[in-house]
Amino acid sequence: MNYNTDKKGYYGAFGGAFIPEMLYPNVEELRQNYLSIMQLDSFKQEFDELLRNYVGRPTPLYFAKRLSEKYHTRIYLKREDLCHTGAHKINNTIGQILMAKHLKKTRIIAETGAGQHGVATATVCALMGLECVVYMGEIDIKRQAPNVARMKMLGATVIPATSGSKTLKDATNEAIRDWINNPLDTHYIIGSVVGPHPYPDMVARFQSVISEEIKSQLTVLEGTNRPDYVIACVGGGSNAAGAFYHYLNDISVGLIAVEAAGKGVNSGESAATSVLGKVGIIHGSKTLLMQTHDGQITEPYSISAGLDYPGVGPMHAHLCKSGRAQFVSVTDDAAMQAGLELCKLEGIIPAIESSHALAIFEDKAFKPNDIIVVNLSGRGDKDLSTYIDYFNL
1 MNYNTDKKGY YGAFGGAFIP EMLYPNVEEL RQNYLSIMQL DSFKQEFDEL LRNYVGRPTP
61 LYFAKRLSEK YHTRIYLKRE DLCHTGAHKI NNTIGQILMA KHLKKTRIIA ETGAGQHGVA
121 TATVCALMGL ECVVYMGEID IKRQAPNVAR MKMLGATVIP ATSGSKTLKD ATNEAIRDWI
181 NNPLDTHYII GSVVGPHPYP DMVARFQSVI SEEIKSQLTV LEGTNRPDYV IACVGGGSNA
241 AGAFYHYLND ISVGLIAVEA AGKGVNSGES AATSVLGKVG IIHGSKTLLM QTHDGQITEP
301 YSISAGLDYP GVGPMHAHLC KSGRAQFVSV TDDAAMQAGL ELCKLEGIIP AIESSHALAI
361 FEDKAFKPND IIVVNLSGRG DKDLSTYIDY FNL
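First residue of the sequence shown? That's 1 in full-length UniProt numbering, and the numbers climb one at a time after it.
Hints are supplied without guarantee of correctness; some may be wrong.
[Unchecked claim] DSSO-like, lysine-lysine: derived pairs with alpha carbons at most 30 angstroms apart:
no.: 1; residue 1: K166; residue 2: K105
no.: 2; residue 1: K278; residue 2: K166
no.: 3; residue 1: K215; residue 2: K65
no.: 4; residue 1: K367; residue 2: K321
no.: 5; residue 1: K263; residue 2: K166
[Stated by the list, open to error] Pair by pair, the computed Cβ-Cβ distance ranges are:
no.: 6; residue 1: K70; residue 2: D185; range: 48 to 58 angstroms
no.: 7; residue 1: D185; residue 2: P146; range: 28 to 38 angstroms
no.: 8; residue 1: K7; residue 2: N392; range: 46 to 56 angstroms
no.: 9; residue 1: G323; residue 2: N53; range: 35 to 45 angstroms
no.: 10; residue 1: N181; residue 2: Q32; range: 21 to 31 angstroms
no.: 11; residue 1: A149; residue 2: M1; range: 40 to 50 angstroms
no.: 12; residue 1: L40; residue 2: K344; range: 41 to 51 angstroms
no.: 13; residue 1: N249; residue 2: D370; range: 16 to 26 angstroms
no.: 14; residue 1: K7; residue 2: R52; range: 30 to 40 angstroms
no.: 15; residue 1: E28; residue 2: K215; range: 32 to 42 angstroms
no.: 16; residue 1: K7; residue 2: V279; range: 16 to 26 angstroms
no.: 17; residue 1: M22; residue 2: V279; range: 24 to 34 angstroms
no.: 18; residue 1: A149; residue 2: D294; range: 39 to 49 angstroms
If you're looking for bench data, these hints aren't it; they were derived computationally from the structure. Note that beta-carbon positions come from the ideal geometry of N, C-alpha and C, so glycine has one too.
Hey, can you work out the whole structure from these sequences and the hints?
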C-alpha cells in the first residue's frame, strides 16, 4: 500500500479538492505549478539556504538521557522548538513564501491556532517585504497573547474570528472567505496538512526536512537511519507529517500519532478525531471529521490551542484507517504532567502540543533497546500563562 498522495491528491479514500467554484482558479493555479516550482534548482537553493542560515537547520537530535532512564528505553528529541520563531511551522512558511513569489503574489493571508504558524508567516512576510493578514480565533487571541504581539511587531494585521467556537476552525473559514474575494494578488499559506489538494502534499513535502534530518542524524548517533518508533502530536498534523514522511512506506518503523482527548474522549470536550471522527468534508478535503449524526461539525476542545481542530489531515486519516500508524488519545491532565516532567528531567519547556506526544510514555511500554524519536514541535514559552494557571505557579 502507498501512503503518499496520488496524482489526484488522494491518500487512499481521503483527500481531493472539494472547493467552491469561486476558489477553483486559485487552487488550480497552485496545483498546476507547485511540483515544477519545487523542482527548480533556483528554488531548492534558496529554500535550503534560508532553512540553514535563517531558520537554523539542521535542528539537533538530542538524546534525552534522564527521560530515557525513567522509561527504560532510548528516547531522542527532534528539537524543532529550536527553529527560528520557536516551532516547526517556519519550514513550511519559508517554502510557501518562495512559492508565492514564483506565482507573482504580493499579499499573504494565513490562519493560526496556537499562533506559531501566524508568527512564522508574519516573519517570512517581513523578510520578503509582503503584506500579511492573519486570521485567529477570538479565544485563541486571548490565550496566546504573546504570539499575537509578535505578529503585530512583525507588521502583520491580526483579524479575530468571532463566529462558531472562535478557534482555529473559524479562523480557517475566515481566511478562505478572504481568498475567494482576493483571487489575483493573494496567496493563502495554510499552516498544516489540511485543505484542498495540493496543500496537504505541498506542506508535507516542506516539512519532510524533519525526517530527512532524523535519518542522517540517527546514522551518526546509532549507526542506523531507522528508529523503532517516531512519535508526534497531531492536530491538523503538519509536524507529524514531517517527522513521518521518509518513513511512511518503511513498515519496519512504527508511527505513533498522539491527539488531544481534552477532558476525556467521552466527555463532550475533546479533539480525539481518530475515535470520534467520521468521514466528511472540511476546508476542502475529504477526511475524518468530528460531526453530529446529521453532519454538523462538532466543536473541538483541547487545552492546547494548536490541537483543538475538529478534523485531521487526509494523510493521517489514511494512516489511521489503514492501520499504518497507531493513534493514541491523551487528556489535558496527562499532557500537562508530561510537559512539566520534561522541564524537570531535561531542562526543556515544551509547547503543550508537544507535551501530548511526551505523555505516551506513561501508558505505553517500550523495549530497553528501542530507538524512539519524539518530534518536539514547539517551545513552551508561548504557553506559560496556561502552565501558570494549571499548576498555580
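In rising order, the numbers of the hints this structure does not comply with: none
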